[in-house]
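Residue strings, one per chain:
There are 2 protein chains.
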Amino acid sequence: MTAPQRILVVGSVALDSIRTPYGQVDDALGGSASYFSFSASHFAPVSVVAVVGEDFPTAHRARFETRGVDLAGLETARGRTFRWRGEYLAELGHAHTLETQLNVFAEFHPKLGDAHRRTPFVFLANIDPELQLEVLDQIRRPELTLSDTMNYWIARKPDRVFEVLRRVDIALLNEEEARALAGETHLARAAERLLEQGANAVIIKKGEHGALFQSREERFITPAYPVTALVDPTGAGDSFAGGFIGMLARCGRTDGGALRQAMACGTALASLAIESFSPERLLETSTDEIEGRVRALHSMVHFDLFPMF
Amino acid sequence: MTAPQRILVVGSVALDSIRTPYGQVDDALGGSASYFSFSASHFAPVSVVAVVGEDFPTAHRARFETRGVDLAGLETARGRTFRWRGEYLAELGHAHTLETQLNVFAEFHPKLGDAHRRTPFVFLANIDPELQLEVLDQIRRPELTLSDTMNYWIARKPDRVFEVLRRVDIALLNEEEARALAGETHLARAAERLLEQGANAVIIKKGEHGALFQSREERFITPAYPVTALVDPTGAGDSFAGGFIGMLARCGRTDGGALRQAMACGTALASLAIESFSPERLLETSTDEIEGRVRALHSMVHFDLFPMF
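Each protein sequence line maps, in turn, to chains A and B. This note's numbering applies: residue 143 is where the first sequence begins, and numbers increase by one. This note's numbering applies: residue 143 is where the second sequence begins, and numbers increase by one.
Chain A extracted, bound-state conformation (with noise of 0.2 Å):
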C-alpha cells in the first residue's frame, strides 16, 4: 500500500444553530469544510482553505487539530463566522433555513498556497460557483477533482454551475440538485442528460435511498447505510464526500474497483455524521467502525449470480 495522499477541501467552516425532533445545538461547529475533513482525516492528510471570523472558538480551532488537519489555509478575517440556522422537522428529509449570515464569507477568495495548489485530491465543497472555478485554475494537475453544489446556485447561475461540472473529475449533487440542472424528473435521465451536458461524472444522492454514481464507463448504486439512531442529517453529503475522496487519496487509485469502494466509504461517514448534532461522531469514530460499517454495506447488497434459466 503506497502512502496515503493529501486531500484539499475549499468550503465553509461555520457555526450552525439547529433544531431537529431529536433536540437542539446553537452555534455548534458546521460548515461543509468541518464536516468534509473530519471524515476524510480517518484516510488521508487534509488540508483547508476556508474563512472564520474573529469570533471563532479555540475549542472548535482544536478539534480540527485534534484530526490532524492542516490548517494553515483557514484565514482569519476581520468580522463574524459564517452562520446557519435551521431546522428539520419530522420527516427530517429537508432542512428549513431559517437565518444564513455570510458574515466573513461575504468576501472570501480562496488563496492557495504553493503547496496547497499542488494537492493530488481536491474537494471543492458548496460555495459560489465563481469561487469554484477560481480554485480550479489555481490548482495544478490534480488526480481528482470533485464539486458539490446548492439549488441556491442552480437558480441563480447555472452556466457556471455547468462550467464547474465540466471542469471537474466528478460533480456531487443530491437528487433536487439534479433534477434542476438537468431539468429533468427521473433520476437516471437525469444523471445521463448531465453527461450529455459535459458533466464527465456525476454522483446523484439520494438521501436515506443512497447514491448513484455514473459515468460514460460506470454505474453504481450504494444503498444508504440504515441508521435507526438519527439526530441531525445536517452535513450528511460532506461527510459522504469526505469518505469517498478520504478512500481515493488513501489507496491512490480512481479506477472503478475503487470508486466502488470508496462510494461504500462515503455511504458509512454519512451514517455516522447523522447519528450526532454537528460532526461529533465523527471525531469519536474509529477505523474499525468505519471498516465495519463498509463491511455490513457489502453483505447488504452482495448476492451471488447463479444459473437462472
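Hints are computed from structural coordinates only; laboratory data are not their basis. Please note: incorrect hints may appear among the correct ones.
Which copy is meant is left open, because identical chains are indistinguishable; a pair holds if it fits in one copy or across any two.
What the hints assert, rightly or not - With a straight-line cut-off of 20 Å between C-alpha atoms, the simulated EDC-like cross-links for lysine to aspartate or glutamate are:
| no. | residue 1 | residue 2 |
| --- | --- | --- |
| 1 | K348 | E317 |
| 2 | K299 | E276 |
| 3 | K348 | E318 |
| 4 | K299 | E249 |
| 5 | K348 | E417 |
Given the structure is predicted, the values throughout are model-derived calculations rather than measurements.
With chain A held as given, fit chain B onto it using these hints.
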C-alpha cells in the same frame, strides 16, 4: 437443477383504463394476478385464482394461455369484470385513482380446488385481508407464502392486515404502507417495528429507489433497475412479486442466497413491466433479457472489499 415448482396467485384480473404523460389505454388487461402471473411464468408454472365477469375478452384470456398459465381457478361470474381507472401525473410516483368498479369482485370468495391447496409457492395479492386469511386457511403446508396489501386495507382493517403479516413468510409493502402500518416514518425503523409486531420477514418496495428485504436474520437491499423508457408504473409491485417468487419456485430454495437473487429477479421484472402499458413487455420479454437485467443489477451493486486501514 430440480424442476420448477408451481406457484398459486390469488388476486384480481381487471380491465384498466390508464392515462400517463406517455399515453393512455382503455379497458386494457390489468389486475394484480395478471402482472404477477406473466412475470412469474418466465420462471415456473403458475395457477391463477381470481374472478372475471361475462364481458372479459377472449383475447385477454388467450394471453394467459400463451404464457401457459393455468386458468382452472379463474371463475367467470355473472356481471361485469372489475375495472380501475387511474392517472399518473408528471412525477409518475403515485397513481391517482379516478374510478374503481368492483363489479364481480365485490362478491369474490376464493375457492381453492384440491390441487391449488397443495401449491408449494403462494402469492396473496392485494385483496381484502379477510380473503387472504380465507386462502391461508385452505392451503396445505406451502414452501413459501408472500402477501401484498394496500393503504385502503391498512386504514380499514389494520388488525386483519397484521394477522396476515404474522401468518405469511414474507409480507410485501410499499414505503407508504410500511410507514402507515408501523406508525414510523423512518423506513429502517419501520421494518424493525413490523418484525417486532410479529411479521416473519418484510420486503419494502421503494419504487425508483429499489427494495429492502428484512427478516430477523437477513437485511438485503436492491436498487431499482434504472429504466429510462418509463411508460406506465402500474403493476410494478405485482411484477416484482412475480419475479421474486418465480425465482424461488424455479430453484426450489428459500435460503438467504436464493432470496437475494430473487430480489434481483423481482427488480428486473418490475423494470420491464413499467416500460409499456398493460403487461405487454412481460409477455414479449425473454429469459435472455431478464437474465441480462439481473446481471446488470449485479454489476451495479457489486464491489470488491479490499483492505482499507
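Cross-check of the supplied hints:
1. In this assembly of identical chains, K348 and E317 lie within 20 Å of each other by CA distance both inside one copy and across copies; the values are 6 Å within and 15 Å between.
2. For the identical chains of this complex, K299 and E276 are intra-copy neighbours only, at 15 Å inside a copy versus 61 Å across copies, given an alpha-carbon limit of 20 Å.
3. In this homomeric assembly, K348 and E318 come within 20 Å of each other (Cα to Cα) both inside a single copy, at 9 Å, and across copies, at 17 Å.
4. For the identical chains of this complex, K299 and E249 are intra-copy neighbours only, at 18 Å inside a copy versus 60 Å across copies, given an alpha-carbon limit of 20 Å.
5. In this homomeric assembly, K348 and E417 come within 20 Å of each other (Cα to Cα) only inside a single copy, at 18 Å, whereas the closest approach across copies is 23 Å.
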